[in-house]
Amino acid sequence: MTQPRPPVESGVVDVTPYLHPLMKKNYGRWKWHDRPQPGVLRHVADSGDQIWTVRAGTQRQMDVHTVRLLCDIADQHAEGYVRFTIRSNIEFMVSDEAKVQPLIEALNAAGFPIGGTGNSVSMISHTQGWLHCDIPGTDASGVVKALMDDLYEEFTNERMPNRVRITTSCCEINCGGQGDIAINVQHTKPPKINHELVANVCERPAVVARCPVAAIRPALINGKPSLEVDERKCICCGACFPPCPPMQINDPEHTKLAIWVGGKNSNSRSKPAFHKLVAAGLPNNPPRWPEVAEVVKKILYAYQKDARDWERMNEWIDRIGWARFFELTELPFTKYHIDDWRGARASLNASAQMRF
Amino acid sequence: MAKKTHETPLLDQLESGPWPSFITGLKRLAENNDMVVDLLGQLETSYETKSGYWKGGTVGVFGYGGGVIPRFTELLDAKGKPKYPHAAEFHTLRVMPPPGWHYDTDTLRKFCDIWEKYGSGLIALHGQTGDIMFQGCTTENVQPAFDAINEMGFDLGGAGPALRTACSCVGQARCEHACYDTHRANRQLVNAFIDDMHRPSLPYKFKFKMSGCPNDCMNSVQRCDFAVIGTWRDDIQVDQQEVQNFVAEHGRQYVIDNIVTRCPTRCLSLTDQDTLDIDNRNCVRCMHCINVMTKALSPGKERGASILIGGKRTLKIGDLMGTVVIPFMKLDTEEDWQALEEFAGRVIEFFAENALEHERTGEMIERIGLTSFLEGVGVEPDPNMINHPRTNPYVRLDDWDAEVEKWNQRKGASAAG
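These protein sequence lines are chains A and B, in that order.
If you read the first sequence in our numbering, its first letter stands for residue 2, the second for the next number, and so on.
If you read the second sequence in our numbering, its first letter stands for residue 144, the second for the next number, and so on.
Bound conformation, chain B alone (with noise of 0.2 Å):
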């Protein structure tokens, strides 16, 4: 038994409804949980008083310069002591979680014996960057908590100024659309750099996203520094007898209306036969005809991934998407996936030296500009990269020759490649 509970009449009210209650869940676990009841003190009074009364501070575990959140109360009586003085510490651990978040039973059951034993028992399934949310422990209990967790074989997250955790959608696990494997790029690409989660240096905080193709279903293109969104460059995989029957069951206006017309580059055309002609030189890859015919149409067989750096929200200089700067990448080979890696390198490290503190890689490309970004990451411009080449004069071109020369001699080595 726990500490008698406190009363909240306002956010009882979020008892009611259908959708699963936070509240409810919250109670359940104040029946012997003094923190939890302190907890709801606190969260109750946040509701009467619309006021936030957490306040940050250092708390971390060995070894590690990131990965808690730490939250003291700053919710005081008259004497200056905690309110809610079993609440007074509630920190997070962020712990990554399996990639593309997939769980037997019995490592979520293990997650729960260890939070209930050393935190409040409050989890979140899953964070906005992707984290576990272990949520609500004491000072003294971060250490035990993540040795446990640790021996687990899952390890700390990120926080402040580093690389943050990444994550993939569910990806080729049980989806015909990803182009890629996106479990693995998540895993490579983070631990090859685990040094910058675990020791916070970086000029501000670096993501990674990994999205299986176009649909995006991690939002990676403004959701992080570093989109690796599946695509493929051949043409679309078309089962014309599956279209015949698709136009068959939903009749031909349904398929004018719904798949031909809403072609973003108008490369779709219904034959006399109820069969699909497809311009694919002119595809953008969007996915809505494959999302719609999901099985008469899939991405074709050269699959790979565009890579758009620099997306981010608001704060400071307002949103910005992440940008094209490798068009096409394949993934198949040990080979492939070693470029993949070395080029994420060649990004944290230009970022890790140019950007400015508290500048994201999307806001000092804006500053810098994406030609000095792409010289100093090594790519070579691509018409891909734009929407439309520059609308003013203001430019100096001394070295036009050169750069038309470079670009006569790629055009030539990929003609002979």
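One chain only, chain A, in its complex shape (with noise of 0.2 Å):
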């Protein structure tokens, strides 16, 4: 048997050899910027230097091919170097801006859309869902490419009241993060538990101490080392499940996904927020799940007819309150909007300020 190969442990790269020839020669001298129109960017350096930068949508997970094709348009219509965006936004750098459109028709005649910047609806950052995780509750990719269909619109224009950023979950870890709409994985049931398999599969200690609310405990099962659950304290968050894989969390039934609005990483105006729930048991309905399209589409013209200019969703909310929230959003309160979970008396209304 020949010798495995030791790894070289390089770890991250100098940027440098990746850098456009400009932003290698302008490296942190930039001097201000502006948007043309829609998915164009324009940075003028110290220098007196220009870059222009078109953004283009697309669908993450990427074949070869379509990598290929990106590639092929960013040597024929842009200058060989292209950077990725957090919402997997391609994006390619020309020193000329009568490379532009050229490279825009490129983009469009290959099937991707250009936008994404300024005050659009940007691409869905997502999670990896029934095509790779080992936990999910739906899939990732799936659910984007419907949602994106619908607001296309959005991405390709400028049109909102400040940016808006969607994120997705397959389950209640979240992976997806913060978003102005966040659409998650919320299960219903507790865990099914197959016995036969907990000793083997599963460290019990390490289950029971996963649990958020001490539900989870070690139990003999028909003669066999198991474990049980309080349903009555469960809150079906799913912490269990995958540490240990006989306590299934997933149903096609039972596993919803809810919706949130309102968390912002951002510091520009207000602190960063979390997003807060508002509507919950929207069936999991594949292949293009319309029953969540709808209540976001609700949700974000709501926001777009009611907003002021540059409020976030969250902002917007916090100027009209939650009432007038549900009321322009027609979407049901609920007693389970009412926060319990610890720290939760922070979330509740201590004053006589409110809105008729």
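Derived from the structure by calculation, the hints contain no laboratory data.
Some clues are possibly wrong.
[What the hints assert, rightly or not] Stretches of chain A that chain B covers, calculated by requiring three or more beta carbons in the stretch to come under 8 Å of a beta carbon on chain B:
no.: 1; segment: 10-20
no.: 2; segment: 31-41
no.: 3; segment: 52-62
no.: 4; segment: 70-84
no.: 5; segment: 268-274
Think of the CB as a built atom: it goes at the ideal place given N, C-alpha and C, for glycine as much as any other residue.
Need the complex rebuilt from these two chains, each delivered in its own frame; the hints are there to steer you.
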């Protein structure tokens, strides 16, 4: 047997060779930027150099043919350098304004939308889902494809009050992160336990320790060491499922989707904020999840119509109040919207300030 | 030619509509790749049954304890054999991209050639932590695929209880708002602790993210344990001529409604000459006015970064934002950069020694209190760390006078310095 090759523990590469020459030359010496049209940025350096960026949406999960097609476009219509944004948009940089329109035409002809800049709905950040994850309650790429088909015009235009960041997550771990609108799996029934397998597959004390509400305890079931769940305490979060796959939390019917709003990472104007639950109980309905799209669009267009310029989703709601939010979006308000987790008191209205 | 494709009536419905379709891409791969033919078969089954069919396992490369995400199918036929045998193993290699996800096309083409040869041909650009995700590899091909990628100069990212891949915004490469070199920070911090990435032995995952300004395009405040967010501590730079041009172009009402009154600490005043007065002592560096008037306003000249510790998502105790631990540090000289690296080392070491198994940094701080964490990593308390002081008297103040004396000494030292 041949000796295995030891890895070169090279870590993160130096970025310099991967930068467009104008970005290399003007590194740290950029002066200002503007957006000549949706999907196009112009940055101007102290030196007077200008660089144009064209941003296009992608499907994120890309086959090598798509990646090569994007490289062909970058070589023929741009200058051989690209970068990706945190939301899987691809950016092409050119040093000459005359190259911008032909580049846009080539991308559009190949089926890539131009946009995602300024006050638009950018690509939805998402996770792996059924395609690759070991614990997903739903798919990711499919939900996102279906929604982006519906929101295509909001990607290619900048006609929202401020930017809108949508995220999806296939379990309650929420890899998709905070969003102005977040579409997250919400389980509604406790795990179904295969007691035959628990002792062999699961490290039981570790599983007990994972439960946020201490609902899991060791038990002897049919003479075998296993785990049991106090279903009155269980909050159906699924935290036990990754360390103990025999505690199946996913269910074709009872795994639902919930919609959250008002998450924000940026510090602009208001401080960063967590998203809040506004709708739940939506069916997990592949291949196009129409019930989810309907609620997302209801919220998005209520925001577009009522928010003032530069208000993000959470800032709009802060101004109009939650009562008006539920009125404008026509979403029901239930006892489940009232938080009872730790720190919940801070979310209650301890004042006589109300809007009617 | 690959084996015959399976019927996929549900997935086919994701080929219509204007947004680029990952299903169309997978079908193109399936024309000459049996693994993708069977992947589509399994994915179609998931769409029918609303169930997932992957389980984890143990697959890796020689010399490393992490970086490969093993996936084995759990979808079996009546005889207990994989229903879609060519996709029975579908592992992912997480590879650390160039900082800021900058590429030349030659590098991307080489990645494609390697992945076409050893894997499924499916690449996610990028995963939520920031890795290039080479998705779909047999156990046998994981090592040669990694060897080829490693020969190009790229290294595996993290998985499991380990340091994870970092991400940095476009930064000084193309953004005038970047207050420090985010790409240098990404490379230096990850590479300084690379052993914690390749040999997972931390209590749980540990993530760095680098945003060049408080717009926080890397979402670092809620997506990582150690957020480095660029900021400045002198005055906003103003080009009053450009302010006047902006007012002439957009009108006074626009400037008042969308810039002056949107300042969270009411620092802005539009003068009768259509210039801006800024109360810089009260500015909280929110970025709004700078974002809107990109030509007239820029961050100050005395730039550096704030460090916020402990952000993460839901499980187990609920969402946590990172909180301020270092209000400001300069990142100009080699000594500054060394100080950043040393501080990161103290945080990782404290986390490694004090967190419980499967407990993130933020959860550990929630359990032990910020004060204990500050003492552990050698940082003095600062009013910038809090929204407001405590509202309850449930605390012992035995060393109050000594703590007051420390504060006075620090104040004296900073006044003298």
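Are 3 or more residues of the segment 268-274 of chain A near chain B, judged by a Cβ distance of less than 8 Å? This one holds; 5 residues, not fewer than the three required, reach chain B with a Cβ under 8 Å.
Chain B over the segment 10-20 of chain A, status - at least 3 residues with CB closer than 8 Å: holds (count 10)
Has the segment 31-41 of chain A got at least three residues whose CB is nearer than 8 Å to a CB belonging to chain B? Coverage by chain B holds for the segment 31-41 of chain A (5 residues, Cβ < 8 Å).
Assertion that chain B covers the segment 70-84 of chain A - criterion: three or more residues, beta-carbon distance below 8 Å: Holds: 8 residues of the segment 70-84 of chain A have a Cβ under 8 Å from chain B.
When I compare C-beta atoms, does the segment 52-62 of chain A have three or more residues closer than 8 Å to chain B? holds (count 7)
When the structure is compared with the earlier hints, no violation turns up for any of them.
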